[in-house]
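Protein chains in written order, with the working numbering: chain A, 1 to 497; chain B, 498 to 600.
Derived from the structure by calculation, the hints contain no laboratory data.
Misleading hints may appear alongside valid ones.
Where chain A lies over chain B, by a calculated footprint (3+ residues, C-beta under 8 Å) [unchecked claim]:
| no. | segment |
| --- | --- |
| 1 | 517-530 |
| 2 | 536-546 |
| 3 | 558-571 |
Label pairs and their calculated CB-CB ranges [what the hints assert, rightly or not]:
| no. | chain 1 | residue 1 | chain 2 | residue 2 | range |
| --- | --- | --- | --- | --- | --- |
| 4 | A | His-239 | B | Ile-534 | 37 to 43 Å |
| 5 | A | Asp-61 | B | Asn-583 | 36 to 42 Å |
| 6 | B | Arg-594 | A | Asp-107 | 23 to 29 Å |
| 7 | A | Gly-44 | B | Glu-528 | 46 to 52 Å |
| 8 | B | Glu-528 | A | Glu-21 | 55 to 61 Å |
| 9 | B | Thr-570 | A | Glu-21 | 49 to 55 Å |
Glycine residues also receive a C-beta, built at the ideal position from the N, C-alpha and C atoms.
Chain by chain, the residues run as shown.
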Amino acid sequence: MTMAEDSVVDPVLERVKTGIEAFDDLVMGGLPRGRTTIVGGTPGSGKTVFATQFLAHGIADLHEPGVFVTFEESPDEIDLNMAGFGWDIRRWRERNQLVFVDASPQDRDEIVVGDFDLAGLLTRILHAVRASKAKRLVLDSLTQLFDHFIADPTTVRRELLRVAAALKQEGLTVLMTAERNSEYGEISRHRIEEFVADNVVILRNALDKERRRRTIEVLKMRGSRHVEGEVPITLVENHGLVAVPLSSLRLEQQSSTKRVTSGNAELDRMTSGGLFRDSVTLVSGATGTGKTLLVTNFLAGGVAAGERALLVGYEESRGQLFRNARGWGVDFEAMEAEGKLKVISLYPEAQSLPDHLLTIRELVEEFKPDRLAIDSLSALERIAPETGFREFLISLTSFIKQHEIAGLCTATNKSLIGGQSASEQHISTLTDSIILLRYIQEGDMMNRGLMVLKMRGSEHDKQIRRFTIDGEGMHLGEPFGGAPDVFGDTAIAGPTA
Amino acid sequence: MNMNDVTGKVVRPMLRLYLAGDAPGARRALEGRKRLIDAALEPIDIEVIDILERPAEAEIAGILATPTLSDETVTPPRRLIGDISNTAQVLEYFGYRNKDASA
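Construct the complete structure from the given sequences, taking the supplied hints into account.
Here you go:
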């Protein structure tokens with residue numbers, strides 16, 4: 001029995017959507033119809049959730065019934081475990097839209113002598129497929145099937161090949177899960193993927209600098225293109241798996257030439273008319289240089305111009321943010337009462353970075369702000385491994401631009417004078433504008449200086465301007481006379497515009 | 498399925514043999530079944546279930562592999578998967594006495 005005679009690229013492979021949007025993007029629209037996909041992962045990596053979501057999306061959204069062959073948990077356990085994702089498995093079972101083949105371990109005395117076949121399994125699957133008119137099929141997990149017949153892996157292999165071929169003939173789109181021993185070792189135990197799968201997808205739940213980082217990776221797609229590399233995923237209540245799309249997939253945001261106020265008239269002049277509508281600006285500075293003040297001005301300036309403004313804070317409580325604003329003559333309460341402003345304060349440690357990204361996206365989609373401030377990125381950077389942080393920034397900036405929002409993010413320098421933070425290094429290439437706030441020593445005086453370091457697509461004042469902060473906010477003054485080194489003694493080369 | 502044995506007494510099916518169509522394995526299993534009935538000291542009934550014709554039975558019994566010989570009258574059910582041609586071993590596993598052994 002031959003498995004796949006079609007190794008040529010078929011440009012018109014029909015796609016089966018998995019319900020995990022950003023994942024479907026990775027595989028050019030979905031899993032190819034009538035093909036077999038192996039989803040490999042370590043225990044707890046989300047294989048069963050992925051598999052169930054694949055069926056749930058078909059049933060709930062596309063009128064495609066499904067069959068779930070479970071070798072591990074009983075149907076009732078799956079029912080229960082998946083209820084938190086908002087899937088009404090019980091109702092689907094009652095309506096025969098979802099039919100289980102229960103191959104979970106039972107209390108039995110059983111011995112295996114000599115040769116056998118898996119006709120029992122295949123017959124039951126086909127029976128369930130006919131009963132439900134299924135288009136999608138899940139086998140979860142093959143590893144358990146091998147463990148059931150632990151003494152005869154060769155027979156199971158041979159029989160599984162036969163089963164897979166028969167299922168393919170039925171035109172079913174099949175998703176099989178397989179357990180992995182390690183995140184970066186062989187694809188699956190028993191090397192199942194080598195003989196049954198057209199496509200291989202890996203789910204990971206890796207420990208990186210003491211933090212769990214979930215990702216999904218498409219390893220192989222027979223006869224089809226796919227996006228390479230790991231993409232962050234997260235498990236969301238009432239939703240299931242959500243992949244976090246990387247902006248590298250869609251970089252074609254239009255650039256607006258429309259300017260909006262920074263909330264500070266003098267800064268608007270320095271930037272030749274304010275910030276761009278769909279741009280992201282980074283404000284970088286040591287603690288106490290006035291970042292939060294710039295944020296406050298940015299929000300207040302937007303509200304004064306009739307815009308809606310959203311602040312997501314990770315460093316200070318709502319109360320503290322409101323008190324700060326009041327100290328600079330800005331009334332956040334009144335703005336919130338008007339529905340023009342929304343201030344959200346979150347603990348960076350409360351959730352993972354991809355979850356933070358989803359939270360921001362949800363807030364934006366719900367509140368529909370014209371401008372968004374994030375204070376600060378450095379607080380988020382603390383909780384993330386480096387690669388994860390860069391992915392987060394890419395996704396965040398592209399999301400802000402796609403929604404044509406004016407974004408302002410802050411980053412805190414660790415050293416008081418000069419220096420660059422890691423987030424600065426990451427974000428400098430991703431943001432459109434960079435404003436540096438620095439302490440600058442003059443004789444025995446410590447002054448504050450502001451500099452527009454970069455502004456994409458625009459002329460800007462390149463001088464380092466003195467500024468002061470009082471009860472009315474920030475006042476930009478004259479440029480510094482000498483040529484102070486805003487990057488500090490170590491003279492790190494600044495990011496280029 | 499009830500059967501009359503030679504004495505005319507009705508006996509309950511005690512064992513079930515699940516097999517798939519007329520594959521070579523299924524035919525060997527049917528021969529094995531005949532030998533078991535012949536060799537057992539007590540009357541022994543082995544009901545044959547072709548899962549291709551009765552897939553619902555396979556689902557209810559949770560059959561994965563064929564052939565499977567199953568005693569569902571005991572808890573937990575007792576099963577032998579694969580080759581049932583070793584008559585003495587099979588009878589012993591299911592707790593039946595062998596004519597030869599008891600003679």
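Notebook entry, point to check: Is the hinted range of 46 to 52 Å satisfied by the C-beta distance from A:Gly-44 to B:Glu-528?
Noted result: For B:Glu-528 against A:Gly-44, whose Cβ atoms are near 48 Å apart, the range 46 to 52 Å holds.
Note to self: Taking the Cβ atom of A:His-239 and the Cβ atom of B:Ile-534, is their distance within the range 37 to 43 Å?
What the structure shows: 58 Å, violated
Notebook entry, point to check: Does the segment 558-571 of chain B contain three or more residues whose Cβ lies closer than 8 Å to a Cβ of chain A?
Noted result: holds (count 7)
Item checked: Annotated coverage of the segment 517-530 of chain B by chain A, confirmed only when three residues or more have a Cβ within 8 Å -> Our answer is that it holds, as 4 residues pass the Cβ test (under 8 Å) against chain A, meeting three.
Item checked: 8 Å C-beta test of the segment 536-546 of chain B against chain A, three or more residues -> As far as the segment 536-546 of chain B goes, the hint is violated, because 0 residues have Cβ atoms under 8 Å from chain A.
Notebook entry, point to check: Should the hint that A:Asp-61 and B:Asn-583 are 36 to 42 Å apart at their CB atoms be regarded as holding?
Noted result: Hint violated: Cβ distance 53 Å, outside 36 to 42 Å.
Next item on the list: Take the C-beta atom of B:Arg-594 and the C-beta atom of A:Asp-107, compute their distance, and say whether it sits inside 23 to 29 Å.
Entry: 27 Å, holds
Next item on the list: Please test the hint of 49 to 55 Å on the beta carbon pair from B:Thr-570 and A:Glu-21.
Entry: 52 Å, holds
Next item on the list: Using the beta carbons of B:Glu-528 and A:Glu-21, state whether their distance is inside 55 to 61 Å or not.
Entry: Holds: the Cβ-Cβ distance is about 57 Å, inside 55 to 61 Å.
In the structure shown, a violation is registered for the earlier hints numbered 2, 4, 5, in ascending order.
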